[in-house]
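Novice: Chain residues, written in single-letter form:
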Amino acid sequence: SQQGEEDPQALSIQEGENATMNCSYKTSINNLQWYRQNSGRGLVHLILIRSNEREKHSGRLRVTLDTSKKSSSLLITASRAADTASYFCAMLQTGANNLFFGTGTRLTVIP
Amino acid sequence: NAGVMQNPRHLVRRRGQEARLRCSPMKGHSHVYWYRQLPEEGLKFMVYLQKENIIDESGMPKERFSAEFPKEGPSILRIQQVVRGDSAAYFCASSPRWQDNEQFFGPGTRLTVL
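Going line by line, the protein sequences match chains A and B. Just so we're aligned: 71 in our numbering is position 71 of the first sequence, and the numbers increase by one with no gaps anywhere. Just so we're aligned: 114 in our numbering is position 114 of the second sequence, and the numbers increase by one with no gaps anywhere.
Some clues are possibly wrong.
List time: in silico DSS-like cross-link candidates among lysine-lysine, alpha-carbon distance up to 25 Å [what the hints assert, rightly or not]: (1) A:Lys69 - A:Lys56; (2) B:Lys44 - A:Lys26; (3) A:Lys70 - B:Lys44; (4) A:Lys70 - A:Lys26.
Covered stretches of chain A, going by a simulated chain B footprint (3 or more residues, C-beta under 8 Å) [as the list claims (entries may be wrong)]: (5) 41-52; (6) 97-111.
Under 8 Å between C-beta atoms, here's a sample of chain B residues computed to sit facing chain A [as the list claims (entries may be wrong)]: (7) Leu43; (8) Phe45; (9) Phe65; (10) Phe91; (11) Glu102; (12) Gly108.
The set of hints was computed from the structure by calculation and includes no laboratory data. No residue lacks a Cβ here, since even glycine has one placed at the ideal position from N, Cα and C.
Only chain B is shown next, with the shape it has when bound in the complex (with noise of 0.2 Å):
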């Protein structure tokens, strides 16, 4: 059972430009959370998705930042326009349902923004 997959692993990208962040849960969760971690800093949430569905987006920026989760295929963080600050590293988590479970985290994206 492969764990959850984000890809890509490093991302650069221009101010300006997008981009976009890709994760696969866990086979059989529905469930799919994005952090961002700042250097030597803690994980902060951004939002939660169930398969179609954003439940919460409470730590999202209002601008710029977008997430989905489709029916078929990986969850989708999309940044536009990136601005230097936006560099961080994205973690994606899922979980077979909400509440009092563990999160099982994929291996992150680092983005960088030159």
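Chain A on its own, in the form it takes in the complex (with noise of 0.2 Å):
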């Protein structure tokens, strides 16, 4: 299976501090992408990184993809209590239609 795997399952932390939340994958991609799910809701996409890019940024977000080692994180700077929620990796596996999403990190950011 090309479930990736995230870590840590969960994270708390005081708003303002930063969140990191890794990602790790089996095989080749054509791309990774990052989306967020708050409880009981659907998911709204964060961010896309080709399989050519090392580092994106989009406002408050930094996402890094490191193709040797299959994996990658998503840093969330000055974090807020709106930011709490679950983030999913989803991989687009090279030859596939679809993604193959991760376990997840539930994040609680505390006011």
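Given two chains presented individually in distinct reference frames, assemble the corresponding complex, making use of the accompanying hints.
Specialist: What follows is the structure, given as structure tokens:
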């Protein structure tokens, strides 16, 4: 299975701190995407990084990709209580039609 | 431009009944994907469709589950003779073309089987 592994499974931080989530996968990919899911809700697309990119920024988000280590990280800077959610990485495997999702990191930001 | 629409948002069925879930992709998107999410887990791929064609159904259970995306109208995920283990959130996503594009997700349908 290509399902990604994320760590930590759960992360609790104070508002204003940075949050880092990691994702590892097994085979070659075309791109890797990060999604946020609030409890009981749908998924919100955060950022897409292609296999030939190493780093990407979007507002308070910074994503890195290391294809040699088959890993990616999502950094949320200056966290806010509204960032409380589950975060999933999703890989578009080379030659595949669909996204393979990681197991998710549940982030809690304490006001 | 409306996002991906799914209905119903919540569906309750008794064991043995049929569940029919609908998904309208974003305007201009011709690729639809269905995913299932069990409680406290990530999403698992079920099926990928283009208009009138099933492209990849490798994640679909072999029995009781079927999907279609007709020329006109929404994509339908159909579950016959539902069992308690079918209780989950079912998400639909669409993209303008496959590969290398972000997928836009609908709000999901939460199916509860009593």
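Novice: None of the hints should be skipped; say for each whether it holds.
Specialist: Hint check:
The hinted pair formed by lysine 69 of chain A and lysine 56 of chain A meets the criterion: a straight-line CA distance of about 17 Å does not exceed 25 Å. A distance of roughly 16 Å separates the Cα atoms of lysine 44 of chain B and lysine 26 of chain A; the hinted pair therefore holds under the 25 Å criterion. Restraint check for lysine 70 of chain A and lysine 44 of chain B: the C-alpha separation of about 20 Å stays at or below 25 Å, so the hint holds. Taken as a hint, the lysine 70 of chain A and lysine 26 of chain A pair is honoured in the structure, with Cα atoms around 7 Å apart against an allowance of 25 Å.
Requiring three or more residues with a Cβ within less than 8 Å of a Cβ of chain B, the coverage given for the segment 41-52 of chain A holds, as 7 such residues are present. For the segment 97-111 of chain A, the assignment as covered by chain B holds, since 8 residues bring a beta-carbon within under 8 Å of that chain's beta-carbons and 3 suffice. A distance limit of 8 Å between C-beta atoms decides the matter here; for leucine 43 of chain B the minimum to chain A is near 4 Å, and the interface restraint holds. Satisfaction of the interface hint for phenylalanine 45 of chain B is found here, the shortest Cβ-Cβ separation to chain A being roughly 4 Å, below the 8 Å cut-off.
This hint is violated: phenylalanine 65 of chain B has a C-beta 15 Å from the nearest C-beta of chain A, more than the 8 Å allowed. Here the hint on phenylalanine 91 of chain B is kept, as its CB sits about 6 Å from the closest CB of chain A, short of 8 Å. Annotation: interface hint on glutamate 102 of chain B holds; nearest CB of chain A at approximately 5 Å, less than 8 Å. Interface hint at glycine 108 of chain B: satisfied, since its Cβ lies 5 Å from the closest Cβ of chain A, which is below the 8 Å cut-off.
In the structure shown, a violation is registered for the earlier hint numbered 9 alone.
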